[in-house]
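Top line first, the protein sequences correspond to chains W and Y.
Under the UniProt record's numbering, the letters of the first sequence match residues 1 to 691, in that order.
Under the UniProt record's numbering, the letters of the second sequence match residues 1 to 691, in that order.
The set of hints was computed from the structure by calculation and includes no laboratory data.
All C-beta atoms in this analysis are idealised placements derived from N, C-alpha and C, irrespective of residue type, glycine included.
Treat the hints loosely; a few may be bogus.
[As the list claims (entries may be wrong)] Which chain Y residues stay away from chain W? Per the calculated CB distances, all over 12 Å, these:
#1 E43
#2 S153
#3 I190
#4 P200
#5 L201
#6 H297
#7 T511
#8 Q562
#9 S591
#10 M622
[Unchecked claim] Each computed DMTMM-like pair below joins lysine to aspartate or glutamate, with the alpha-carbon atoms no more than 20 Å apart:
#11 K667(Y) / E233(W)
#12 K513(Y) / E233(W)
#13 K537(Y) / D462(W)
#14 K667(W) / D33(Y)
#15 K376(W) / D331(Y)
#16 K345(Y) / D462(W)
#17 K222(W) / D663(Y)
#18 K222(Y) / D367(W)
#19 K222(W) / D331(Y)
There are 2 protein chains.
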Amino acid sequence: MGSSVADLPHPFDPLSLAEIETAITTVKKAHGDVFFNVVALHEPRKAEMTAWLAAPETAPRPKRVADLAVIAPGGKVYDALVTLDEPKIIKWELLDGEQPIITMEELQLVEHIVRSDPKVIEQCILSGVPEGEMEKVFCDPWTIGYDERYGSSVRLQQAFMYYRPNIDDCQYTFPLDFCPIYAADKKEIIAIDIPKVRRPLSKAPPINYHPAAVEAQGGHRKDLTPINVTQPEGVSFQVKGREIEWQNWKFHIGFSYREGIVLNNITFNDKGNVRPIFFRLSLAEMVVPYGNPEHPHQRKHALDQGEYGAGYMANSLSLGCDCKGSIHYLDAHFPTQAGGVRTIKNAICIHEEDSGILFKHTDFRDDSVIVTRGRKLIVQQIFTAANYEYVVAWVFHQDGTIQPEIKLTGILNTYAMDPEEDTHGWGTQVYPGVNAHNHQHLFCLRIDPNVDGPDNTVFMTDAVPSEAPVGSPENFYGNGFYAKRTKLATTGEAMTQYNGATSRTWDICNTSKLHPYSKKPSSYKLVSREVPGLLPKEGSLVWKRAAFARHAVHVTKYRDDQLWPAGRHVPQTSGEPSKGITEWIGDGSESVDNTDIVLWHTFGLTHFPAPEDFPIMPAEPMTLLLRPRHFFASNPVMDVPPSYSSTPSQLLANGSGVLDAADKISKLAFPNGNGANGASCCSTNGATNGN
Amino acid sequence: MGSSVADLPHPFDPLSLAEIETAITTVKKAHGDVFFNVVALHEPRKAEMTAWLAAPETAPRPKRVADLAVIAPGGKVYDALVTLDEPKIIKWELLDGEQPIITMEELQLVEHIVRSDPKVIEQCILSGVPEGEMEKVFCDPWTIGYDERYGSSVRLQQAFMYYRPNIDDCQYTFPLDFCPIYAADKKEIIAIDIPKVRRPLSKAPPINYHPAAVEAQGGHRKDLTPINVTQPEGVSFQVKGREIEWQNWKFHIGFSYREGIVLNNITFNDKGNVRPIFFRLSLAEMVVPYGNPEHPHQRKHALDQGEYGAGYMANSLSLGCDCKGSIHYLDAHFPTQAGGVRTIKNAICIHEEDSGILFKHTDFRDDSVIVTRGRKLIVQQIFTAANYEYVVAWVFHQDGTIQPEIKLTGILNTYAMDPEEDTHGWGTQVYPGVNAHNHQHLFCLRIDPNVDGPDNTVFMTDAVPSEAPVGSPENFYGNGFYAKRTKLATTGEAMTQYNGATSRTWDICNTSKLHPYSKKPSSYKLVSREVPGLLPKEGSLVWKRAAFARHAVHVTKYRDDQLWPAGRHVPQTSGEPSKGITEWIGDGSESVDNTDIVLWHTFGLTHFPAPEDFPIMPAEPMTLLLRPRHFFASNPVMDVPPSYSSTPSQLLANGSGVLDAADKISKLAFPNGNGANGASCCSTNGATNGN
Ligand SMILES: [Co+2]
Ligand SMILES: [Co+2]
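Could you put the whole structure together from the sequences, leaning on the hints where they help?
Rendered as structure tokens:
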């Protein structure tokens, strides 16, 4: 190859536009026209990658390989690998009864076919859609999930049906009660699921959030003044390709069609010692089970990442709307089914924010004080899964904490109801004629830890009272309590649930590296408090298909390509047997003690809709923390410049030497108004005697 | 009175400087020189206040009354009330064995006395403090909590002892192992608790966070560029006295010596209909139990608000350090013990922040999109409780959500240890010779609800699977789940624990007001996920004294003056019988169904220290939500101006009419750098075909 090493992609980089084209051309040459559902980075083997990261000048550079899933005429599905340096197909494997991810293009096709299907038209008219108004009928196509009547050999979608009285109306206000089933190979509707009790098209007035609708309701509020965020001296982070450095952190930002943002080789420069923390972090899968048990709603349980892809569904982000301040963007390139390449510009945004007080302490004796403000770095994407939007942010803090944060917004999935109908508690009437079913949003965070090296062990920690009774010598006053640590030594032992009562956390430890003071292992603690159990029952379709959601935590031994806990090809899996994580756990006897492991954490929330969520949901946040514990010698942010610092000796010297580095841009809201006091920064606690 | 009505204080206003002086003068005239521990607003009777709020022009204005607690010579404690319009003592009641709150002045006295006490000096020397260095010995005086050897008739403090090798060193690095007990009336040390196993003064080098110390370790990091936040057109809120209006919210901001910020009469203007939500919100009490069962550490369980006061301990906040942007401040006035008045300037800060995406939705068919950014209002204070700082923020969101948020920072309470000693799991060696004991921070949020009126009912809601088994007709696929609601009809039934497994929430409902669509009662939902149980056991000293912490939720019938759940006078309460909330709950039979109620919610965290927390703790946040559910007809923020909006018809008309109101201040981090794309706002999802 003619390019210099500096021009080569980083081995973790997603495939470039040119690499995708190379892979496609290579396959087309050998196999003619096929549909390209996946053309993505085949991630470097960890052993090779680790060797290269340790010695990039001397170790062999991992080769670039494309990972493909294609559909050939007749619906035959192939997994393939293509080397890119010297284009060559090194794997071409026919699959049996597996369906690759559904692309945006496949989803886009269905609505057109639904609209012209005579049986669908008949059902629309029966429901109350005026004749000749099929262009006002819309559908959200989802994979069928799994339907025991059809199995997995025919590629299917189910179409959730809606009506728009006018072109700009929100169709989720007008759901239809039947569900056509679409077969991809024939491009036709093969069946329609029609409920026993029919629910006619709602006659309620439209409710919309677009400006014209708001104008008709009295207009937008006019009392919000701008808040400007600027960084006149530029940002504090540096980017080289897709590697970023900020506040001792360094990591690589990948982007996968499945998981969206993938963070690799996360290290922290601890006073010159570059310490590994995570080899790879991502949201690896999710499931949104709906709780209405009536047929065919059991099929509503999107495994959005495996079935549609958080990368494929990524929004193109824009300055001043999705992101505020000084923003760096990264694009994403994906194949089109026909063998082109599409680019999502600005699929990832990266920026800094002030994060309030990082630490503060005042000595009550003399009011000597330090106050230091914190900063955070946010790597963010948004993806649209039909009705819902997911805002996924990876927040890095200066103190070594990583905080994945998800906000839910967008629109509820809705179903038709008679306004006087009883929802039987399975849903809520959020607007006349609109039934929003109960559902959960469960996310699987894949943590490939590297806490001071690849060999790590997970401990479960519970806050519990002393076992000794009140009045006993060991616990006379009854106040004793401690952190009970349980080693999760095997994949079986590691299948653990959340316990809110004991504030349960999980510690990812390097037991070979004890802290010099605490004598406890160097660790990162998973602190997660939004951890509902999977509500669909054991043995249910969801329970079978989304095994990762059965426990809050699973731990498996690291193996290459074990990335996605519901399996590689998720659409139309039956869960019998369950793919992915259950296979990797096996009989539960494998050791995950002091070896290269992966921790899978399922968190999320249970959503019982309310009218406030309609017609569009105010963002609902959830978050968790990965915190360094016994990892740093001491507080790792003492060297962040304080805004103000005074010491006892400086105060005794009438303030000589006091550091006042307060932001001089901030100002009083009402400089001449009531109650506003322009006290100089932190100078005293302001205590004065009135007499 | 000569002033016009407009000049009169709002009945919820804290006492003004002049009012405090009036109360003090009145008492002094009648009773001579006494110590003024409390001179505060005696809050208006709710019945009078409600009548006046409903008709301020015609109903009688609630009178201003001062609430006092004074200590007369000989340690006699009196509760008193003084009317302020016509100064008059209307209550003067001698208490028996009760100790009022400890003032900052009382705390300040102890160190001086400790330093000159011969027995303390002897112990210091024994511990290894060089002779003649008593000015390097420091103590954090705490109330004794409760010690069965002394009871409650003598006013006591316990002194946690430390040493500073040099004046600017952090003394918490050098704890001493004994604990003097100070009697306030005699101003002397009456005893010293000395452990059986002695732990000599640490010889470890000091570890400090002040700039000179950081300089000696390599200096502050230099790679942080400024982030400026400005509001060139001013803030979006309006303040009249202590009443604030912002984004349909209106409320009064009080400040109490006990609770700090008190929010009263919180209403939301719902399209012209001003709807009451909360009559009063505050953090009413807290307890920080430490988990080391060895004597005398059981006495370490500060009820900081009842024993010292979140108001009394408030920091004076300063622009550009504690607060960034355009800030409005409110001061606080408190008595001095001798009968003066001290002012804490800027005790409360108020400002707005951008809060990211408020809602967004993209239609995947045509990329028509709306994106609207949110805003929050933050009312904040910080208080220093000896070693710890608590940053308490009340965050108001545009969608009707109120989010109390607490950050912990400051310094760990530390105890001496031999570096080779086993902490037996009751604490962590965070630095050589420094044992930081396990502890909890438990806060009691007092919610006096007024959800569409004073008569409310609390329901407990659990997310549970359908009872019907998989395969049964009612739950064939096993996916059914629902929100199980349990009415808490009596004070006894309302004593409820948190359940993380069912994502338990509590709904404060107005059962007389059903939502027109959902048919469910208008409500505010308490969503709280940091809810550890009280770890000290049933029957323990903490369990007896801090009864509010026994359950996540208690509900009582509203009665005037039932403000503080550990009782009015907290220092040296034995918990036998328990004061406050247990008295108000009584035998558990009182109805709290559809009546004026108060909900008490205990939340917080369990803190197992780690070296990262030392010598100063990076701020650790915790938060909860009060969310409107079935309260608004629909999403209440649709009228917030979007940053960008396009509709299907506008896109068909080549973008004519598309609204682009993106913030024009935001910019690319690297305008000419790699990977940066200046796509116009939200214009398309950027999908382009490569061939
Ligand atoms: Co939802
Ligand atoms: Co703590």
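Far enough from chain W: is every CB of that chain over 12 Å from the CB of L201(Y)? holds, 17 Å
Does the claim that E43(Y) lies off the interface hold, with its Cβ farther than 12 Å from every Cβ of chain W? Nearest chain W Cβ is 21 Å from E43(Y), so the label holds.
Could you grab the alpha-carbon distance between K513(Y) and E233(W) and see if it respects the 20 Å cut-off? violated, 55 Å
Keeping to a limit of 20 Å between CA atoms, is the pair of K667(Y) and E233(W) held or broken? Roughly 12 Å between the alpha carbons, so the hint for K667(Y) and E233(W) holds.
Taking the minimum C-beta separation from I190(Y) to chain W, is that value above 12 Å? holds, 21 Å
With a cut-off of 20 Å on the C-alpha distance, tell me whether K345(Y) and D462(W) pass. violated, 43 Å
Status of S591(Y), Cβ more than 12 Å from any chain W Cβ: S591(Y) is indeed farther than 12 Å from all Cβ atoms of chain W, at 26 Å.
Under the criterion that the straight-line Cα-Cα distance not exceed 20 Å, is the pair K376(W), D331(Y) satisfied? With a Cα-Cα distance of about 31 Å, the restraint between K376(W) and D331(Y) is violated, given a limit of 20 Å.
Against the 20 Å threshold, does the CA-CA distance of K222(Y) and D367(W) hold or violate the hint? Violated, at roughly 27 Å.
Assertion that H297(Y) lies farther than 12 Å from chain W (Cβ): With a cut-off of 12 Å, H297(Y) comes too close to chain W, as the shortest Cβ separation is near 8 Å.
Distance restraint between K222(W) and D663(Y), which requires alpha-carbon spacing of 20 Å or less: OK: K222(W) and D663(Y) at ~16 Å, within 20 Å.
Using Cβ atoms and 12 Å as the threshold, tell me whether M622(Y) really stays out of contact range of chain W. Label violated. Min Cβ-Cβ 9 Å, cutoff 12 Å.
Violated hints for the displayed structure, listed by number in ascending order: 6, 10, 12, 14, 15, 16, 18 and 19.
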